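Novice: Take a look at the letters that make up each chain.
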Amino acid sequence: MSLIPPASIITLTTDFGASDHYAGAMCGVMLSINPQLRFVDITHQINSYDLTDAAYTTDAAYRYFPAGTIHLIVVDPGVGSGRRAILACCGNYYFIAPDNGVLSAVFMQEEDVSVFEISETKYFLQQVSATFHGRDIFAPAAAWLSTGIEPASFGKQITDYKLIDLPQAQLKEPDIISGQIIKVDKFGNMISNITYQDIESAKKKWGKQKFIIELGEAKITNLIQYYAQAKDKQPCALFGSSGYLEIVIKQQRACDILGISVGQHIRLIYL
Amino acid sequence: MSLIPPASIITLTTDFGASDHYAGAMCGVMLSINPQLRFVDITHQINSYDLTDAAYTTDAAYRYFPAGTIHLIVVDPGVGSGRRAILACCGNYYFIAPDNGVLSAVFMQEEDVSVFEISETKYFLQQVSATFHGRDIFAPAAAWLSTGIEPASFGKQITDYKLIDLPQAQLKEPDIISGQIIKVDKFGNMISNITYQDIESAKKKWGKQKFIIELGEAKITNLIQYYAQAKDKQPCALFGSSGYLEIVIKQQRACDILGISVGQHIRLIYL
Amino acid sequence: MSLIPPASIITLTTDFGASDHYAGAMCGVMLSINPQLRFVDITHQINSYDLTDAAYTTDAAYRYFPAGTIHLIVVDPGVGSGRRAILACCGNYYFIAPDNGVLSAVFMQEEDVSVFEISETKYFLQQVSATFHGRDIFAPAAAWLSTGIEPASFGKQITDYKLIDLPQAQLKEPDIISGQIIKVDKFGNMISNITYQDIESAKKKWGKQKFIIELGEAKITNLIQYYAQAKDKQPCALFGSSGYLEIVIKQQRACDILGISVGQHIRLIYL
Numbered sequence: 031m032s033l034i035p036p037a038s039i040i041t042l043t044t045d046f047g048a049s050d051h052y053a054g055a056m057c058g059v060m061l062s063i064n065p066q067l068r069f070v071d072i073t074h075q076i077n078s079y080d081l082t083d084a085a086y087t088t089d090a091a092y093r094y095f096p097a098g099t100i101h102l103i104v105v106d107p108g109v110g111s112g113r114r115a116i117l118a119c120c121g122n123y124y125f126i127a128p129d130n131g132v133l134s135a136v137f138m139q140e141e142d143v144s145v146f147e148i149s150e151t152k153y154f155l156q157q158v159s160a161t162f163h164g165r166d167i168f169a170p171a172a173a174w175l176s177t178g179i180e181p182a183s184f185g186k187q188i189t190d191y192k193l194i195d196l197p198q199a200q201l202k203e204p205d206i207i208s209g210q211i212i213k214v215d216k217f218g219n220m221i222s223n224i225t226y227q228d229i230e231s232a233k234k235k236w237g238k239q240k241f242i243i244e245l246g247e248a249k250i251t252n253l254i255q256y257y258a259q260a261k262d263k264q265p266c267a268l269f270g271s272s273g274y275l276e277i278v279i280k281q282q283r284a285c286d287i288l289g290i291s292v293g294q295h296i297r298l299i300y301l
Numbered sequence: 031m032s033l034i035p036p037a038s039i040i041t042l043t044t045d046f047g048a049s050d051h052y053a054g055a056m057c058g059v060m061l062s063i064n065p066q067l068r069f070v071d072i073t074h075q076i077n078s079y080d081l082t083d084a085a086y087t088t089d090a091a092y093r094y095f096p097a098g099t100i101h102l103i104v105v106d107p108g109v110g111s112g113r114r115a116i117l118a119c120c121g122n123y124y125f126i127a128p129d130n131g132v133l134s135a136v137f138m139q140e141e142d143v144s145v146f147e148i149s150e151t152k153y154f155l156q157q158v159s160a161t162f163h164g165r166d167i168f169a170p171a172a173a174w175l176s177t178g179i180e181p182a183s184f185g186k187q188i189t190d191y192k193l194i195d196l197p198q199a200q201l202k203e204p205d206i207i208s209g210q211i212i213k214v215d216k217f218g219n220m221i222s223n224i225t226y227q228d229i230e231s232a233k234k235k236w237g238k239q240k241f242i243i244e245l246g247e248a249k250i251t252n253l254i255q256y257y258a259q260a261k262d263k264q265p266c267a268l269f270g271s272s273g274y275l276e277i278v279i280k281q282q283r284a285c286d287i288l289g290i291s292v293g294q295h296i297r298l299i300y301l
Numbered sequence: 031m032s033l034i035p036p037a038s039i040i041t042l043t044t045d046f047g048a049s050d051h052y053a054g055a056m057c058g059v060m061l062s063i064n065p066q067l068r069f070v071d072i073t074h075q076i077n078s079y080d081l082t083d084a085a086y087t088t089d090a091a092y093r094y095f096p097a098g099t100i101h102l103i104v105v106d107p108g109v110g111s112g113r114r115a116i117l118a119c120c121g122n123y124y125f126i127a128p129d130n131g132v133l134s135a136v137f138m139q140e141e142d143v144s145v146f147e148i149s150e151t152k153y154f155l156q157q158v159s160a161t162f163h164g165r166d167i168f169a170p171a172a173a174w175l176s177t178g179i180e181p182a183s184f185g186k187q188i189t190d191y192k193l194i195d196l197p198q199a200q201l202k203e204p205d206i207i208s209g210q211i212i213k214v215d216k217f218g219n220m221i222s223n224i225t226y227q228d229i230e231s232a233k234k235k236w237g238k239q240k241f242i243i244e245l246g247e248a249k250i251t252n253l254i255q256y257y258a259q260a261k262d263k264q265p266c267a268l269f270g271s272s273g274y275l276e277i278v279i280k281q282q283r284a285c286d287i288l289g290i291s292v293g294q295h296i297r298l299i300y301l
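Residue numbers (the working numbering), protein chains in the order written: chain E, 31 to 301; chain S, 31 to 301; chain H, 31 to 301.
Treat the hints with care, since some could be wrong.
No distinction is drawn between identical chains; accordingly, a pair holds when it is met within one copy or between any pair of copies.
[As the list claims (entries may be wrong)] In silico DSSO-like links for lysine-lysine, alpha-carbon gap of 27 Å or less:
| id | residue 1 | residue 2 |
| --- | --- | --- |
| 1 | 192 | 280 |
| 2 | 216 | 249 |
| 3 | 192 | 261 |
| 4 | 261 | 249 |
| 5 | 261 | 240 |
| 6 | 202 | 235 |
Honestly, the hints are just simulated from the structure, not real lab data.
All values reported here derive from a predicted model rather than from experimental measurement.
Build the full structure now, drawing on both the sequences and the hints.
Specialist: Structure (structure tokens):
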């Protein structure tokens, strides 16, 4: 179990968007419990109800924060139902989220994981709605945790927390790495689940280094290091800042030009 | 008059959007006056010039903040004209806004209300533009207030502050509750102005509990408690986190599917 | 060289959008170095790769912050290439940015400018990616600067920093001020690069005060002081909050109605 004391920093990752009062109300609830808190928005633009998007986004950001940071993730299609609320101590960080798999990527990364159900109602808002546990349960739990309340005080430790399948790239015969697009970023860059480690494994397994990339109808042969190396209008591949292979077109929205969205298969075919 | 000392927390509710420097410049002005301030965005996506939207959004968020919080609302189509700037002490909170009715919902909620005109130019930015009082008047007033300047120092107390009509649901013969859609949220959920109290009043008045909901061409008979209870593709009704009846479709944008926007009439027809 | 000590306030201006983890990860990196930091978003909605948009937006906001504020600007199409990272001390403010011209407007405004290359790798993140220097170089440099590290410690002083052409309005014969639209704001107001000073110069040079404005197919004759003075549906001109002439239509998106976008020529034709 983590022994790092919680920081007064709380990050927010939600699918609430920017046009409603939802995220603001959560911050108000938290400041009412701990006026010293500071907030960092990771994003409020997770695709509505999309647990996979939330899992990847959380994974891309959480480790860059100071030890003790409390990461609050509210993508919660099951709000009001029997799904549990959880507090997870994972390595140097704390996570507060619904028990619906949004923390799966973190659970896969971190070795030192303890998870507690959040069931102690004295840490809830006085009146709990059936539709906004972000404000009524998750936010107050995060704020109370930041004041030094022990994780075990929120509820019993559990081990059957939910995990969702986050698709991994696979090495397939004959000599193909098979993956998929897991994210399209603001620039229209398409991020796959193929890692540098997958390329290394392929090299070791098949003794080959040369491949072409197949994505929809495009065949991509240029592997570059940074965006400015790309030739105008030509789709290129590079390893992005989270360690995943991504497909880009120089200063253009590759996803629109190639007509690709999240879930599309991508294959590295070794020659 | 409120005796709660102002907190160093300022919330922002504007129609400035996220692509311009407007909100950032306001924060800069405030930090120049009080470097200890912390900001919470409620939203900058109020529909342009929409006082009703601003009034509802402010109402949904303000009470979740610590006592003494200063709520800054800048939706200001009359900027530069004769409309006044006001500082309102309402219960445990302070509000800084143009005197155009954006605080109407707060004025209706709170019993203890004192309103002051903001006219003392020494609390303005040195040069006041005719088009951006958010930066030049409202932001500096909020920041000076946070430093402990008395509300009465900003200008004379007034009682003729502006109120706008926020439509209330009505019980009509024969046995109908008549309301309207006042907000569509990021998920496409359509929030009406019908409250749980309206349902209770109808029950008492007419001795009836069963109703069907008419919204545009849809007839809705399912009243559920939380989103996950909805059956796929079927419009349902529930009481949302602000206490209003809302119409939803499970994990879909009900507003798009039903073709409904803000202002649409909604009727509960008792059987 | 600026002797103002750096504040614990960092502003962010990027083209990262709101849907990815990029800005959040930068804040995490900075808080890991200096947990006392507070952030103000200017905007993350700079048009992708648009150095001119970033230069104008930075210029419109930076001077409203307390002396010592560190302005972090990451619009960086050349990330990973040979382009330098710079730390600029300009008057009362610090700027951290790629050396690609995004600071051109600031360099034109401020008389007291010293610029340092950021090359000392001990102030970088331990592992530097080729695609996200915002997180790996610019953010840590800003945070280290905020802790009191001397600007000269980051690298050698340079004078050949890059400047981009920011188009200035011009007085042309016969009796025309020729400019262009440099920004369309959230309200659809079209901001030109024509300043009040340009109008004063024209008056002095040509002894004339009366002009009509030509923008696309529109001829505009109404010069007003604030938005509410505009007559319904009629395009009007006024001097906006940053001192530039802008073309507006009362409570409507003038850019859409007139079919105008950034770069469009605008002419004041003196009569």
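Novice: Decide, hint by hint, whether the structure agrees.
Specialist: These are the hints, each one checked on the structure:
1. Only between protomers do residue 192 and residue 280 lie at most 27 Å apart by alpha-carbon distance; the minimum there is 22 Å, versus 40 Å within a single protomer.
2. With identical chains, the CA atoms of residue 216 and residue 249 are at most 27 Å apart within one copy only, with a shortest distance of 23 Å there and 37 Å across copies.
3. Taking identical chains as interchangeable, the C-alpha atoms of residue 192 and residue 261 lie at most 27 Å apart only when they sit on different chains, with a minimum of 23 Å there against 44 Å within one chain.
4. For the homomeric pair residue 261 and residue 249, the shortest alpha-carbon distance inside one copy (15 Å) is at most 27 Å, but the shortest distance between copies (43 Å) is not.
5. In the homo-oligomer, the alpha carbons of residue 261 and residue 240 lie at most 27 Å apart inside one protomer (20 Å), although the nearest pairing across protomers, at 50 Å, exceeds that limit.
6. Taking the shortest Cα distances, residue 202 and residue 235 sit within 27 Å of each other inside one copy (11 Å), while across copies they are farther apart (70 Å).
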